[in-house]
Amino acid sequence: MPILEHLWIIPLLPLLGATVNGLFGRTWPNKIVNGVAIGTTGLSFFAALEAVREFFLLSPEQIPWVRQYFSWIAAGNFRAGFDLQVDQLTVVMLLVVTGVGWLIHIYSTGYMADEGGYYRFFAYLNLFMFFMLILVLAANYVLLFVGWEGVGLASYLLIGFYFLRKSAADAGKKAFIVNRIGDFGFMLGMFLLFRTFGTLDFVKLFDKATPLSAEAMGHLGTLTVACLLLFMGAAGKSAQIPLYVWLPDAMEGPTPVSALIHAATMVTAGVYVVARSHVLFMRAPTAMLVVAVVGCATALFAATIGLVQTDIKKVLAYSTVSQLGYMFLACGVGAFSAGIFHLMTHAFFKALLFLAAGSVIHAMGGEQDLLHMGGLSKKIKWTFRTMFVGTLAIAGIPPLAGFFSKDSILLSAYQSENGGPNVGHILYAAGLFTALLTSFYMFRLIFLTFFGKERYDEHHVHVHESSKSMLVPLAILAVLSIVGGWLAAPAFWGKPDYFAKFLAPVFAAPNGSETGAAEAVAHALETPLAIVAVITALAGLLAAYWLYVKQPSKPDQLAKSFGGVYQTMLHKYYVDEFYNAVVVRPLLWLSTNVFWKTVDVSIIDGAVNGIAEGITVVGDGTRRTQSGNTRSYAVWVVVGAIVIVAVIFWPHVRPVLGVGR
Amino acid sequence: MFPRTDDLLRALPELIWCGFAMLAMLLQPFVRSRHFFTVLALLGALGGTGAAFVAGATPGEGFYGLIQSDVFSFFFRLLIGLVAVLVVLAADSYLEREKLPFAEFYALLLFATAGMGVLASARELLTAFIGLELSSISSYILAGFRRDSTKSSEASLKYFLLGSFATAFFLYGIALVYGATGTTNLGRMDDADPNSNLLKLGLSLILIGLGFKVAAAPFQIWTPDVYEGAPTPVTALFSAGPKAAAFALLLRIFASVPAATHFWFWAFWVLAALTMFAGNLGALLQTNVKRLLAYSSIAHAGYILVAFAAVTFMANDLNGGATPAYAAVLFYLLSYALVKIGAFTIVSEIGGWGEKNLTLDDYAGLAQRQPVAAAALSLYLLSLLGLPVTAGFFGKFYIFKAAVNSHLIWLAVLMAVNSIIGAYYYLRVIVVMYMREASAEAMAAAPVRFPVAVNVVLAVTAIGTVYFGLFPNQVLNFILQPNLIAR
Amino acid sequence: MIPTNYYIVLSAILFGLGVLAFIFKRNIISIFMSIELMLNAVNLAFVAFSQAMHKLDGQVFVLFVIVVAAAEAAVGLAIIILTARNRQSLNVERVDLLKL
Amino acid sequence: MGSLFQGGHLLSILIFFPAVGSLALLLLRGDDHVFIRRIALIVSVAEFLFSLLLLRGASLASGDYRLVEYGQWITAPPIHYHLGVDGISLFLVILTTFLTPISVIASWSSINHRIKEFFVMLLMLEVGVIGVFLSLDLFLFFLFWEVMLIPMAMLIGIWGHERRIYAAVKFVLYTMAGSILMLVGIIWLYNATGTFDLPTIQQMIQTGTLVIEPRAEMLLFLAFFVAFAVKVPLFPLHTWLPDAHVEAPTAGSVMLAGVLLKMGTYGMIRFCLPLFPEAARRAAPWVAVLAIIGIIYGALVALVQPNLKKLVAYSSVSHLGFVVLGIFAFRSISMQGAVYQMLAHGISTGALFLLVGMLYDRRHTFEISEYGGLATPMPKLAAFFLIAALASMGLPMLNGFVGEFLVLLGTYQSHGTWASWAALGVILSACYLLWSYQRVFFGEVTREKNKTLADASAREKFILVTMSIVMLWMGIGSTYFTRRTAAASQAVIDQVEPQRPYEARVPAAGGIRADVHAADSTNDLRDAKQIPAAVDVNR
Amino acid sequence: MTAPLIIFFVLATLAVGGALSLIFQKHPIHSALSLIVVMVALAGLYLLLGAEFVAAVQIIVYGGAIMVLFVFVIMLLNAGIEEHTNFSKLAGFPGLLLAFALTGFIAATIARSTDTVQAAAQPGNMASTRDLSTMIFKDFVYPFELTSFLILVAVLGAIVLAQRETKP
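Chains as they are written, first to last, in this note's numbering: chain A, 5 to 665; chain B, 32 to 518; chain C, -11 to 88; chain D, 469 to 1007; chain E, 40 to 207.
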């Protein structure tokens, strides 16, 4: 089995591309750079496909399929190897990452065609692919952490791609640092796990964890702490409260980047990690609850902000945050497969939306403000159609992908009893409301962009449809966002949900929310909840239609009447300002004025120089005894005589120091 | 009643030194050539030094127990002889430059050397006193040798007044010791009662007199002035010779006379502490290099006194516990003499006619103007500072060791503190030489070209410093013998 | 008969007066004289001790001391003359060029 | 010749070859600059090649000293010329010999007055440092320790910048103040044992033939520790470092950060722990606290430095804090992490100083505000700087990560809170490095002067490529190093905490039961010994 | 109160008085004269102690030679009344105090010391000049020879220092 034996090929191809482009691409024409970039990613995509094919030929006991290549860190009883692993979960991620990644590469060739630093862009993008693949293929936490940090780096580079713009550079820095805060937790989580289990390899670790009984609710046992720490990392990477602040700013990067990294793949890494560590989370109900609540809260919170944003990418960014919230909600209520399912569908339609948005921006010549768009539907048909599909998908209109994934999440949320009977229902309600908001702001986006009258200056902006290289990926993604969800369709007529079934070996659930007995209940609830969901989605659609097509004046009036709320939402609840005022500024002030200027310069150095000063003063005093006057000298001799005589004749004047026994 | 040959042999070095001194005086009216007298003095110094071997070859008491020829006196005679030789070489060009009467100078130098030799070998206090006077009086004259320089004459006067003042104390001490023990012969005092007040008083007064000679605080007070005023080669002599000789006598008294050991280390403890601080603190703000070195030599006297405290402390333990301490003193004196003579020689050469360039500013950028001189001087300074691959490092190390051996931990710590303070001003000189830029006219001026004799001095001292810094073995094993001081 | 320590005490007093004189005279020559005074005190002590112990060497020492004193006097006065020549003053307190 | 290197006198050659080289330089005429530079380069490169021969002699299996040279030097007191290399000193020596040629090249054109002296000093410095790492005789160690002082001071004082003299003197006095007490300690130890020979004394302590009473042991420990802490430098003894670094020429900073600081931590590993285990154990909490303060404090101060070089200097304070923490956690993992961090820091911080130096060569200022937008005129330099920065902030797959990770991991095994606090440094390092990087390289070019700055020259590229390759290698192939340092570090741990078995040899047995109990409360899980370790270090 | 004792006290007072006047006289000449008084008194005490030879030498060398030299120099330099400067703070009251303390201490220690000193000194005619000479020329020949060098040095010094500028 060539590829499965040589899994390393899959991540290494993009790395190769990155290196080649990075080192030599500078002088090359775009064509060659494209060739390298797309070629390598494409190859790794096909390699992935081949790997999957081979994977299906494996017998169950061969799964998870682990290959150890070389040992990377080894000290004492600790070993972290460059070990790659494939199981069902990996397969999903692998396909999503390589597939979507490849499409976006293709798209970028069109989008970035006339940007400077073309080679740089693709080098970074390939580098990202490499690390992302490492992340999903890693067979132990440390290697996973490599990918984890690596994608952070790539995103830093890509967000700061337009480094001449201060805002871009700032955003990149912010992204990296906020992620680092998450990683802080992630590392501690790893340390704790290692202390507890003596290994960080998934297989061994989970084998040791499986027999453990779940910890009591509300009790901070080892596993709970470990899970919470891991989740801290996940929250950082996947932009959950309170660490979501970096993602909206990350929109400073080129749109394909936003699509690939900040929508489809990297930001979902957190969800992946939680799902990957489900064995631990299952046994830490407290952590699960936290995850669910945080996820749900983030979903709702981000959605509210999304309502009023006018930057097309910002809207999508907040919707991403909100969707990620959904995924965590799913994981939190134990519906890991649902979470992953949503991860996949979201990857499709959110990538689609972003790319379409990119196409719009491209068409508008860089304009991103919704308020300066409108009536584009006729001008850029294909973009409009694809984007509309994407919107339907995310809004959860059947039978598009979003509907199924979102539906299964809401269902599991409704059923969940973790942390009390009603918790599940509350979560469900919040989720549902979020769904409403989602469809509302998404359609608001659509209407503002494509309907109504043009709100831009015809003479300056020459709207034009994008090139093939951009439209083809859009089309493909549109198709995926339509059919992507049908894997879960069977659930409706009582058949087992293919996707869940496929992932079942991974998420072998101990207290089954997705097995046997529960199946029936689930099926019973399935349809009614689905109907409710659809209704909410449509309600959102209609509200948006009424506000932004029927009476375009209304929104402003609303904004006026709810001035306070509106402003707050518009300014993202002033969270950035809050962090600035509470964390950043005090820290800088403290460092400058207390640590550096006071402790270092004044106290420590002051003390050192002070001693020197003191000695010098004493030295000057000593010097002054050399008055040059012989009479005084004679007196000194007498003094000396008296000193000696005293020491010799009166023992008690002898210094007590001398005998340091 | 002509003395026996052995006696003469045991006093041979001193006799030769005096002999050559008289020879110089006699020939002075007839020979005008400077080189002749330089060579003569050189022969004399070397001859005496060579005679030290003869004396060393015939150990034992001489002149009815007045002097003692043993390893100890052998070592010191060699040291003093070496000093004399080096000073002769260093003085040659100086005398030429300053137009000073060389015959007299060399004669006095040799007489002084003889006096020191007597001090080193004397075993009887009065003989020691005569030796002391012989060296001191010559020193007084030498200090004032630049007659027309007010500084020189002032130095001479101060040295003379205070010197004889201290000598009076010393003498009175002898008298009291004589009264207490009925003898002035150190060899016959073994049964003296250590608690007799008269003896204690006498020894204290002797300690004052010698403390003055070795510049122990608070008797160090004269040192900076005299060192600064005296002609630089003479300063070199002062800092190395008489100090060593006086230490030799101190060691003989306070190590070989049982009554003078026991609690006496307290006196040395105090003196050591005071001296170290007086020297280092005083040097801290000096801008006159010559004076700075004077203060530093005070500080080093302090370090040696630390070892003395150890000696007197250990002297009464029979299984030779004190030998390392003796070794420390002797080795330190050796390394110190080399370094000081080297340093002062450079100072005298850089000082130029009338000793004009003595301030730190005159040393600015010396490294570019005269790399060799700068390197040599920094080597000496580093040795004084006690950094490795210099003799000074081992010297300091052994003193530390002696102190810690005798559980004088705190004294060791004080010494540590002091060597840090010391490091500051030694570094300052190096910094000035290497890291400051020379003034324009200094750069313009042609570099001082060192005469051969001086280069020889520098070579000997520098090589010696490094050699003993790497292989102190021979010297140590030589001075580490338990019967160092014959009893 | 006279106890020896009468002599010694007397010598001590003379010695002390010598010290005092050294400190309190300004004229260099007088200071030098006070040193001579101290030496005399020493001599007295020597002689007294030698008598007390019926040993002659004490007296020998006195002779040596006297010789040394003579030598010192010669040199000292020469130095004094030199200084007086260079400074036009015999006040020791005015001889303070070298200081600090 | 070959046989000479086989065993024989390789170590002596390593120590004295540069000395010979510098003497040769001294004899050259001062005005033929190119020739002098060439000679210096040849000597240092040859030295580097020699040092690579150590790898053959080094032992993987045991932690004892190899290539030992033992000879009488001074009979009274018995001082021996005793050299030896083990896993810990091995790579430190190689690091030194590696950084020296780099420094030589780095100062190729930036040093243009008194060139001869400069290279002489550089080589003498190398002599001292290598001597320190190789000597197994307390006295010999101290000797080299002091020898190193003057060349460094000269490097700072002669070829440094504005306040160079102050910095040089401060450096020397700080270090001497520390070391002079160590000398007293050494002598005290000699009086107790009658020898200066490190292995002998170690054995005496291990076998219990030498028992130092607690108070004396603590005093001795402090006498040694303070000397090393000054060098490291450990908070609050660090204030000489920023001055020294800022004023030193590039080569000086590289050697200072790359090697000299390691002498302190090396001393702790080599002397403080094995010689005074009890005291070390008692002091460990305090030291750890200082180390952690150093980590956070150093990072915070670095964060707000307006001076680029000072920033890097303070980052060293922070990074060395990790090392000290790793040492005093007394865990095999953290110890190896500490050793690794020493090497990694040597490379990455060395690279940073080289880059800062290159910027200085172009603009003659360290003020960050003077730069900005440099990525436009000099993309290559920017790229290398980014790599170095990432390495130093501990990005996986680069050298910085492994050390930091192991230190924290190991420390966490026994002291969770220490590790947690220390881990904050990981966040902060990202903050100050990225922020400064942005201010220097990103944005529009603000200063007119900066618009026309030349990008990395061939020579600079060579240096930087070399450094980057090493960083990558150390980041990926860390086991190549850890495999060689493992035994030695474990040996040290065994001496401090004899009761702890060799963690790597804990048999793999069913530890599940332990976990089941353990799962209830973290407290039972304090010690990893309960948990079987399935994997052992691959050797 | 025997005769010798009275003589002793007379001479002692004479000596002390001379010393005091040496201190309090303003003019060096007067100081010199009072020093001579002290010396003569001491010579008397030597006689009282039966050391005739020493006494003789004392008068001849000291009173005769040395003091004459002093007076000669004073005349040569025609030193006047010494000016009463007080530049040295230390040599003022503290100096006085310390000097007195030292003197007092020494005297007291000796007075209370219980060694050989207590033995009463009787006028010994045992100190014959012949024994003295044998002692000088036999036991102490070495220092004696050295003193000759010493005097040589003195002469040399006097020449070197005091001679007028004649050199080219």
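Hints were generated in silico from the structure; no laboratory data involved. Among these hints, one or two may not hold up.
Unchecked claim - The calculated lysine to aspartate or glutamate pairs, modelled on DMTMM-like cross-linking and capped at a C-alpha distance of 25 Å, are: (1) D:K848 to A:D624; (2) E:K65 to E:E122; (3) C:K87 to E:E122; (4) A:K385 to A:D315; (5) E:K65 to C:E81; (6) A:K170 to A:E581; (7) C:K43 to B:D224; (8) A:K558 to A:D315.
**Asked** Looking back at the hints listed earlier, which ones does the structure fail to meet?
**Response** 1
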